[in-house]
Structures are given as structure tokens and as C-alpha cells.
Amino acid sequence: EAGVAQSPRYKIIEKRQSVAFWCNPISGHATLYWYQQILGQGPKLLIQFQNNGVVDDSQLPKDRFSAERLKGVDSTLKIQPAKLEDSAVYLCASSRRTGEGEKLFFGSGTQLSVL
Amino acid sequence: KQEVTQIPAALSVPEGENLVLNCSFTDSAIYNLQWFRQDPGKGLTSLLLIQSSQREQTSGRLNASLDKSSGRSTLYIAASQPGDSATYLCAVRPSNYGGSQGNLIFGKGTKLSVKP
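Sequences listed follow chains A and B, in order.
Residue numbers for the first sequence follow this note's numbering, so the first one is 1 and each next one is one higher.
Residue numbers for the second sequence follow this note's numbering, so the first one is 1001 and each next one is one higher.
Each hint should be verified, as a subset may be incorrect.
Unchecked claim - Here are the simulated lysine-lysine pairs, DSS-like style, with alpha carbons at most 30 Å apart: (1) K1115/B / K78/A; (2) K78/A / K15/A; (3) K103/A / K1042/B; (4) K78/A / K1068/B; (5) K62/A / K15/A; (6) K1111/B / K103/A.
What the hints assert, rightly or not - Here are a few chain B residues that sit away from chain A, every Cβ distance over 10 Å (derived from the structure): (7) I1007; (8) Q1034; (9) R1055; (10) G1060; (11) L1062; (12) Y1076; (13) Q1081; (14) P1082.
For the record, the hints were derived by calculation from the structure and aren't laboratory data.
Quick reminder that beta carbons are idealized off the backbone N, C-alpha and C, glycines included.
This is chain B alone, in the form it adopts within the complex (with noise of 0.2 Å):
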């Protein structure tokens, strides 16, 4: 059974710094991986997507990496900003037996503070 871990549960940063963002998944058969960002009372915003065969996406201030074989996916935020307070949550969508894919699978999210 696929599981999604997020670590740290809880991250502040003064702003201006560069930070990453953990997410560790138990099984390596996945078809896709995203991260989310959501805003207090808010519903998701998806950031990045990586595909299984893509090892990186950017974009502006985000790098995402995937390395599917140790199971393991960064999020890199670049110059950190108060604006970019929010929950990141990743997500793996499982490759099922035969080539059909699975639902997402989320992990408990990193809650992120960047302190003026």
C-alpha cells in the first residue's frame, strides 16, 4: 500500500532564505508526482507535475525533483517571500498493475512560515 510522508510537519523561515521541502513515498510504481499549495480555508493549487520518466520541473522560484528509485521528491523554494506562507502537499499517483493509473495519494502536508 502506498504511503506519503512529509517532513517537517512544520517549517519558519525569516524571508529571503532558500528552503526544501521533503516528501517520501513507500512504493516506486508511480505514474506521475505534484506538489499542491493550499491557502488557509482554501482549496488546492497545483504548482508542479513530474512525470515518472522527468527527474525535475521549474517553475519561477520552484524546482520540484523526483528520484523514483529511493523513493524521494524535494520542493526548492528560491528566495523566500511572506507571500509564500502556506501548506505544500505532495502527491503520487500509483501505477497500477497493467498500466492503469491509481487516484492521488497525499501525504499530511509541510506547513511553511516565512517571517518578514
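Excised from the complex, chain A in its bound form (with noise of 0.2 Å):
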């Protein structure tokens, strides 16, 4: 099966310029999430999605950072404007549930430079 698709693999913009990341599910997950990874640290999340509808968004900054579902598949994070400290990965990973428990699947991520 095709894997969590992630786009653009790199970007690199100034301070206070606008950015946004696109994520591609595995077929028939119905749980995204989009996490934040900064250099020489574990991924942090920032927003999980259930269907199109929003479970967890208690870490997002929510002032600069938007993230939407639209129909449940393909999702879409935002950050305007962007600062310094965002440079980071930015990780979107789906699950479905099963059995043993709920395993997650990463895509490749984004890595953005903020200058």
C-alpha cells in the first residue's frame, strides 16, 4: 500500500512570510496528525484530526498556525507569519485501529528554514 504522502520536501522562506504543507493519509486511515520536530528533538504534536473533524489541537499556536481537513482525506497545515523558531520538520502521520493498538505512519516531512 502507498504510504503517507508529504509535500513540498523542503522550503525555505524569510520571517513573516506565509507557508503551507500539504499531507496525503494512507488509504482508509481515518486518524492525521501533524507534528512538529525540531532539531535534536522527538516530534511534538500539534494537531489530530479524526475524520475531518478536530480531536487535539492543544498544542497548536493557534495565533500563526492553521491546519484543515477538508473531506476527511488530504490535509492542508498553515503557518502566517512565520518566525524564527519555526524551523523545524513537520511530520504527518495516520493511523487506523486495530487490535494490537493504534500504530501510526509518518510520511517523509517537511523541512522548513525560517531566515
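Relying on the hints, combine the two individually framed chains into one complex.
Following this line, the structure appears as C-alpha cells:
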């Protein structure tokens, strides 16, 4: 089966500019996550969707970050305006709950550099 | 607040060695624990998932153990190979009040280098 697709792979922008990332989860996976991974750190959850509804966005900086998942499939994450500290890899993951527990499948990520 | 710590931050071993990576967590109220592998420039790949009621899981040369009461997990890699070089991350899924599941909390990872 095809994996989680993300684009672009790399993005370089100046501070105060806007940027958007796209994610296409594995077919049939109802749950979609966006994580932020700063260099040398573990991933930190930004937002979780179940179908097209938000389950958890408690760690999303809502003054500058927004995300949507129209029709419960693809998702976009937007940053407007970007700050230097937003430089990180943005990972998308999806899951379908199984009997053994929820196993997450990750995309390759988008590496964002804010100059 | 749950915190996950991985020691060491980096490890270099010669090919063929057996090795152990450590993960500790501060709150024993967990639903499960997962070990992931991350290659440079890539996303995470799930290696092993241990439910809170389990003591260990095995997959090929990998064995993960869980001691929930002491807040520890280990990932054992047998007969290491250069292809095992990657960053290994441990993540716990908290068990919230009322039995609901929290979201994964990751450690910072252990960067493993296996020399030929």
C-alpha cells in the first residue's frame, strides 16, 4: 500500500512570510496527525484529526498556525506569519486503529527553514 | 506531566555487537509504549509496540521490554549491522483519567552508529 505522502520536501522562507504544507494519508486511515520536530528533539503533536473533525489542537499556536482536513482525506497545515523558531521538520502521520493498538505511519516530512 | 528520557543520546558500536537502548518515563499510567526508527531526512518507522499489560515484544533481531512499575523500557538489538544506523525514538501513550488515551509523547532519541 502507498505510504503517507507529504509535499514539499523542503521550504525556505523569510520570517513573516506564509507557508503551507500538504499531506495525503494512507487510504482508509481515519486519523491524521501533524507533528513538529525541532532538530535534536522528538516530535511534538500539533493537531489530531478524526475524519474531518479536530480531536486535539491544544498544542497548536493558533495565533499563527492553522490546519484543515477537508472531506476527511487530505490535510494542509499553514503558518502565517512564520517566525525563526518555526524552523523544523513538519511530519504528517496517519493511523487506523487495530486490535493491537494504534500504529502510526509517518510521511517523510517537510523541512522548513525560516531565515 | 509525563516526560520521556532516552539515554545515551548517541552510541557508536562495531558491527556484530549486541546493544541496549534505554528509555525511561516519569508516569507509569501508560496505555502503550512504542519504539520508532528515524533515518536522516526521513519520517519515523514503527518498530515495536508494547501494550501496558505486556512485558516484551520481539521482531527479528529486535526485542523491546517494558517495566511499567519502574518506568523503564529497553530496546535490545542483536548482532548489530551498519544498516541499523539510525536514530531510535521511544514514545509513550498516556492513559488518562477515565481510561481515555492521550497522545504520544516522544523522547529525544538515541542516535546509533554501527561501524563496519
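We went through each hint and held it up to the structure:
1. K1115/B / K78/A: Since the Cα atoms of K1115/B and K78/A sit roughly 41 Å apart, the hinted pair is violated (cutoff 30 Å).
2. K78/A / K15/A: It holds: about 14 Å lies between the C-alpha atoms, which stays within 30 Å.
3. K103/A / K1042/B: OK: K103/A and K1042/B at ~18 Å, within 30 Å.
4. K78/A / K1068/B: violated, 38 Å
5. K62/A / K15/A: holds, 17 Å
6. K1111/B / K103/A: Given pair K1111/B, K103/A holds - Cα atoms ~22 Å apart, limit 30 Å.
7. I1007: holds, 14 Å
8. Q1034: violated, 8 Å
9. R1055: Given a closest Cβ separation of 15 Å, the condition holds.
10. G1060: Nearest chain A Cβ is 17 Å from G1060/B, so the label holds.
11. L1062: holds, 15 Å
12. Y1076: Fine: 20 Å to the nearest Cβ keeps Y1076/B off the interface.
13. Q1081: holds, 23 Å
14. P1082: holds, 22 Å
Checked against the numbered hints listed earlier, the structure breaks hints 1, 4, 8; every other hint is satisfied.
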